[in-house]
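Colleague: The listed protein sequences derive, respectively, from chains S and V.
Position one of the first sequence corresponds to residue 1 (my numbering), numbered consecutively onward.
Position one of the second sequence corresponds to residue 1 (my numbering), numbered consecutively onward.
Since the hints were derived computationally from the structure, they do not count as laboratory data.
Be a bit skeptical, because a hint or two may be false.
As the list claims (entries may be wrong) - The following label-pair restraints were derived from C-beta to C-beta distances: (1) S:Ala171 with V:Thr238: 54 to 64 Å; (2) S:Asp253 with V:Arg246: 42 to 52 Å; (3) S:Thr142 with V:Tyr90: 19 to 29 Å; (4) S:Pro225 with V:Thr238: 17 to 27 Å.
The C-beta atom is built at its ideal place from N, Cα and C for all residues, glycine as well.
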Amino acid sequence: MAELMTLADAIADYVHDDDTLAMEGFTHLIPVAAGHEIIRQGRRNLALVRMTPDIIYDQLIGAGCARKLVFSWGGNPGVGSLHRFRDAVESAWPAPLEIEEHSHAGMANRYVAGASGLPFAVLRGYMGTDLAAQTPSIKTVTCPFTGEVLTAVPALNPDVTIIHAQRADHAGNVQMWGIVGVQKEAVLAARRVVVTVEEIVDVLDARPGAVLLPSWVINAVAEVPRGAHPSYAQDYYDRDNEYYQAWDSISRDRESFTRWVDEHVLTPSSR
Amino acid sequence: MTSPDGWTADEMMTVTAARALHDGQACFVGIGLPSTAANLARRLHAPSLVLIYESGPIGAKPDRLPLSIGDGILATTADTVVSVPEIFNYWLQPGRVDVGFLGAAQLDRFGNINTTVIGDYAHPKVRLPGAGGAPEIAASCREVFIVVRQSSRTFVEKLDFVTSVGYGSGEGDRERLGLRGRGPLRVITDLGVLQPDTETCELTMTSLHPGVTPEAAVAATGWPLRISPSVVKTPEPTDEELRVLRELTS
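Put together the whole structure using the sequences plus the hints.
Modeller: Following this line, the structure appears as structure tokens:
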């Protein structure tokens, strides 16, 4: 059963140094506040997993929390590059970053296999590309029924998955809607699960198309209003596109990035 | 760059890309130029165009241009929103989508695309965002359109990295690799349109935009570009096309 906790306690209890950590949310419902708490608590040596690293992982990488990134598209959506990610890959700052690179279809299927309790997933993918030569976790498998050669990718089973959702009830059942991405799979694939929500409510009334994650697959739920900002939470607030634009210049050089982390993440008044 | 008639090369490119889409088709849309073109087509000649975004919306009908691939406007106007595994496994992979619309950082003469690195993979000169949905869009959509500005820096003799496959190393390669869609049937640029040669699959200039000379197209291409003997001039953007496009992008 999920326990209702503060965000600081949830990160302290469930995110450890050296963990493989997945934080998902496809443009929508990105758990940014949880990322900042991980930076504040100084986690190190994390293997970060995420389809679209986005600025949340740019910040974790720049702050020195990561040793590895497993991903499929590393950009600032609608703006351009992730400069901290690029600096880590191109110049090993602040530390070398090992990368394990896939396509979206491959990553999605890796989570599906993890959630399904299977060792790998099968897809039609990567054929003819240079990705398989760089990524050892892309292999082929022969269909035992037709003889067709298909692509195999191993299951992803993060030590801990963190997502952000619209709301939860007092028992820790979580409800999310709109673009729900790959979060259900990332949660069910993980050994430990932390969820931040916009609000805790007495009753989760039914909503068309909503995903419900029952309390018994979650370890901790923390109420963090605006916890997805600058991404958005449908029916709560819109995406802060200006922040994404501004991130381009903030993150472009090491000093302005470091100053930004000091002022906006590490200083107690910024919490 | 604005023509004497008051439209820009980018507007010509977007209008040409929009014209390539037919009403009733299902179109897998990337953000940026492809999204602008698909949304323009839906407002002009293709009101029943089904817009599919990799974040999960199917049949999105945004009343403004989405600013990101998972913009809320896509979910709230869609016929349905599905999960990311579902969009790739149930909708893209079996070949249900008519047109995949892609961009490129580098493109070669067989329509193969690089969006991963410039330079060596382990020690890149420029680390680009990577694959995203593109490899499987390029493999599985019934046909692929690529929208990209034409320059010798982008249109290269040899890619630094093959992220998404067009025609591989030529005729017959898609079949050998088991890629089931027909591949990049059009590359729409700010200078004109390239289409694969019916025998060799090499991209050949089949249309030049008004005011663009064959020499200019050759100069903007990093391989010895072939101009089709039957090359045509792209029809100019109409007043209606420009009005709707500017409304959309303003």
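Colleague: A separate judgement is required for each hint: does it hold in the structure or not?
Modeller: Hint-by-hint comparison with the structure:
1. In this structure the hint that S:Ala171 and V:Thr238 lie 54 to 64 Å apart at CB holds, the actual value being about 60 Å.
2. Between S:Asp253 and V:Arg246 the C-beta distance comes to about 36 Å, which lies outside the given range of 42 to 52 Å.
3. The hinted range of 19 to 29 Å is satisfied by S:Thr142 and V:Tyr90, whose Cβ atoms lie roughly 23 Å apart.
4. Remark: the range hint 17 to 27 Å for S:Pro225 to V:Thr238 is contradicted by a beta-carbon distance near 49 Å.
Checked against the numbered hints given earlier, the structure breaks hints 2, 4 and satisfies all the rest.
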